[in-house]
Amino acid sequence: MTAGSPETPSAGATPSAGAKPSAGAKPSAGAKPAATERPAASDFIRERVQRDIEQGTFGGRVQTRFPPEPNGYLHIGHAKAITQDFVTAESFGGICNVRFDDTNPDTEEVEFVESILADIEWLGFHPANVFYASDYFEQLYDWALHLISNNLAYVDEQDGDTISAQRGGYGRPGIESPYRDRPVAESLDLFARMRAGEFDEGAMCLRAKIDMQSDNMWLRDPVLYRIRHGHHHRTHDAWVIYPTYDWAHGQSDAIEGVTHSICTLEFDSHRPLYDWCLDNLPLPYEQPQQIEFARLEFTHTVTSKRRLKKMVAEGVVDGWDDPRMPTLAGLRRRGYPPSAITTFCVEIGTARTNARHAIESLEAVVRRQLNAVAQRRMAVLRPIKLTLTNWPTNDDGTPVVEWFDLTNNPENPDDGTRRVAFTGNLVIESEDFALDPPPKFFRLSVGREVRLRGAYLVTATDVVTDDDGNVVEVLATYDPETRGGDAPDGRKVKSTMHWVSVPHSTPLTAALYDRLFAAEVPGEATGESLDDLNPNSRELLTGCLGEASLADVEGGQVVQFERLGYFAADPDQPGLFHRTVGLKDEWAAIQRRQQKA
RNA sequence: AGGGGUAUGGUGUAAUUGGCAACACGAGUGAUUCUGGUUCACUUAUUCUAGGUUCGAGUCCUAGUACCCCUGCCA
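The first sequence: position 451 = 451 (my numbering), numbered continuously.
To be clear, the hints were calculated from the coordinates, so they are not data collected in a lab. Mixed in with the good hints, there may be bad ones.
[Claimed, not checked] For each label pair, taking beta carbons as the anchor points, the in silico distance ranges come out as:
(1) 473 <-> 403: 20 to 26 angstroms
(2) 372 <-> 473: 36 to 42 angstroms
(3) 157 <-> 514: 54 to 60 angstroms
(4) 479 <-> 572: 41 to 47 angstroms
(5) 572 <-> 390: 42 to 48 angstroms
(6) 165 <-> 122: 44 to 50 angstroms
(7) 595 <-> 294: 34 to 40 angstroms
(8) 413 <-> 528: 51 to 57 angstroms
(9) 462 <-> 527: 53 to 59 angstroms
(10) 421 <-> 527: 52 to 58 angstroms
(11) 294 <-> 51: 17 to 23 angstroms
(12) 431 <-> 507: 15 to 21 angstroms
(13) 528 <-> 572: 29 to 35 angstroms
[Claimed, not checked] Simulated crosslink set (DSS-like; lysine-lysine; CA at most 30 angstroms straight-line):
(14) 596 <-> 584
(15) 440 <-> 385
(16) 385 <-> 584
(17) 596 <-> 494
(18) 385 <-> 494
(19) 494 <-> 440
(20) 492 <-> 385
(21) 584 <-> 494
(22) 440 <-> 584
(23) 492 <-> 440
(24) 584 <-> 492
(25) 440 <-> 596
Each residue gets a CB set at the ideal place from its N, CA and C atoms; glycine is no exception.
Make a model of the complete structure from these sequences and hints.
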C-alpha cells in the first residue's frame, strides 16, 4: 500500500485532462459566514493567470495547491501562502488542493498533518482534495528509471561532504563525480538495490546529470534520491529511498493537474530545475509553471520554524497554541478571527519585494472586524471599591438593586440588550480614579462628576486610604435624577466609565499580552538564541470582576470588555480571558506625549 | 567573487503600461460620541542615486548604489 493507491490520480495511468483530479470543486472558500468578506485583490500573479486564461494556456483551467511539509504547525506566514493559493484559484473559478510534501520520513508526523488540515479549515478554506506526495512514490521511481535510462541521472557512491565540496562555489567551477559517466546499466542495478534496502544511509544517492559548471548551484547535479531507513508516517516501511523536494515537487504538481505552482521567493533558483525535471519526462500532462512571491513577515514576530520549535521545547511559551505564538493555533486561542487574517493577507497585496509588515496593521484589521461583531460587556480588571453613600435600602434594610438594559453592540442593534444589576456597592477600574488628576484626565477624582455607563451620574466625595496612604475605596454620591445616565438639566460630564456591581459579579482572570519579542526584527542581533525574548510578554490578572453574564461566555468566543479591549474566553479554562487586542487608547497616547514633553 | 531577484510617504501595496503619484495602516490636528472605542474631515512624497531620451518619465535608455536569495543526501 505504497504509492498509487486507487483513490489518488497517481501512477501515470491516465492521459492529460483525465489525470487532473475531478473532485467536485467546492463552492468556494468565500462562502462562509457573513462579516468575513475578503476584499477582491489583484496582484501580479493574478494578472499572469488572467493572461494565461485569455491565451488559452491550460485550456483556460486554473488549479493551485498549498504544499506544506507536515513537520510543524502552521503560522501566520503560511496564512499568506494559503490565502494566495486559494484566492487565486477561486477568483478564476479554479480549484486549490492541499498536498503534503511528505518526502522526508525523518521529520514528518501525523499529528502535524491533522493540525495543518484543521488550521486551513479554520481559516475558512476548503481544499478540493487532500493529496500526499508519498502517494506518488512509485510513479516518481519509474520516472527516475526513465531518467537513468536516458543517461540523465546516475548513482553516486561518494559521501555527502565530498559531493558538497565538489559542487564548487559561487564563481568557481564544480568538479564532476567519478561516477558521473558510469554505464547506465550499472546505475540501474544500483538504484534497484538502493530501493531493495541493500545499503546504509548515505552510502549512495541518485543524482541528476545536468551541468557542474552552471551558475545555478541547483543545476550542479542535484540529488534526486537518498537512502533513509526511518519510518514514514504514511508509507511506513515500504520505502528506504526517498525523493528530494526537487524530484517530487514539479512532478506532483503535474500529476495533480496544477497549472500555477505558487511558492515563495527563495525557490526561484529552483525553477530551472523544476522545469528541467518536467522537460525530461514523458509527461502526459501539461507542464505546470512555478511563480514566486515574497513571504509574509512581521515586526516583533518570529516565523522561523526552528526558533518556534525551540521556544516550545524550552518552555518559554506554553506550547504551539500559546496565545502569544504566531502560529494559527496560537492566534485562534488568542481570539483572532480567521477572516481578519485572510482579509489582511489579501489587503497587503502580493509582490516580489521582501517586506516586513508592522504587526500593528494586522491588529488593526482584527479590531475592525471585532468591533463589528463582538458583544460588549463590562469587566473591571484592576478593581477599586466605589461606594455610593446615598444609595437607598429597602424596607428590610437590604440595599436596593436596580436593573439596566445595556446595548450589546452599538455597531449592531440586532444584537439586542442584556440586563445588568446595579447597586451602591461597586468596583471601578483603579486607573479611572486619580487622587491628584493630571492634565487632561477626564475620569473620576474627588469633587468631579462622571457617568457610570448606562446607569447614573456619580460624584466622588471622599476616599478611604490604608496605612500606607493608598486609596482603597472611593466614596461617592449618585444623582437619582440621572437614571439611565442622562441629566434632566442637560449637564454634561467628560467621562463615562465601566463598572461592576460587586454582589452581582463573576470572578475572572485576564491574560494581557505584549510582544513576545521587543526588537522590531527578532533574532537580528541574537540569532537562534532566545535572549531577546520579552520577559513581560504575559501579565496575568487575577481577581478581576465581570458582570454576571460573563460567566456564560463560551470558550473561544470573543467579547469586548468596554474601554479595555477584545477578550477571548479560553476554550478549556472557564473564567480565563485572553486579551486578543486592546482598543485604541487615546488616553495612553496623551500620557505618552506628556512624558515626552 | 558568479548567478538570480527587488528598490515608490513612517509601514505595506497601487498607478489605465509614457499622461494630474492613489489606497490602507500608523502618526498629527479638529469634529461627533453615554466606550479617551466607533464614525467623519483635514495634514503627512526630491518615486534608491547620477546622467540621458521625450512636449511629458515611477514607468524607457546608460552608469552606479543598497538590500534579499542560491554552494542540504531539508522543504
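Hints, one by one, checked against the model:
no.	hint	verdict
1	473 <-> 403: 20 to 26 angstroms	holds (25 angstroms)
2	372 <-> 473: 36 to 42 angstroms	holds (38 angstroms)
3	157 <-> 514: 54 to 60 angstroms	holds (55 angstroms)
4	479 <-> 572: 41 to 47 angstroms	holds (44 angstroms)
5	572 <-> 390: 42 to 48 angstroms	holds (44 angstroms)
6	165 <-> 122: 44 to 50 angstroms	holds (46 angstroms)
7	595 <-> 294: 34 to 40 angstroms	holds (37 angstroms)
8	413 <-> 528: 51 to 57 angstroms	holds (52 angstroms)
9	462 <-> 527: 53 to 59 angstroms	holds (57 angstroms)
10	421 <-> 527: 52 to 58 angstroms	holds (55 angstroms)
11	294 <-> 51: 17 to 23 angstroms	holds (21 angstroms)
12	431 <-> 507: 15 to 21 angstroms	holds (20 angstroms)
13	528 <-> 572: 29 to 35 angstroms	holds (31 angstroms)
14	596 <-> 584	holds (20 angstroms)
15	440 <-> 385	holds (23 angstroms)
16	385 <-> 584	holds (26 angstroms)
17	596 <-> 494	holds (25 angstroms)
18	385 <-> 494	holds (21 angstroms)
19	494 <-> 440	holds (10 angstroms)
20	492 <-> 385	holds (24 angstroms)
21	584 <-> 494	holds (18 angstroms)
22	440 <-> 584	holds (17 angstroms)
23	492 <-> 440	holds (16 angstroms)
24	584 <-> 492	holds (24 angstroms)
25	440 <-> 596	holds (15 angstroms)
In the structure shown, no violation is registered for any of the earlier numbered hints.
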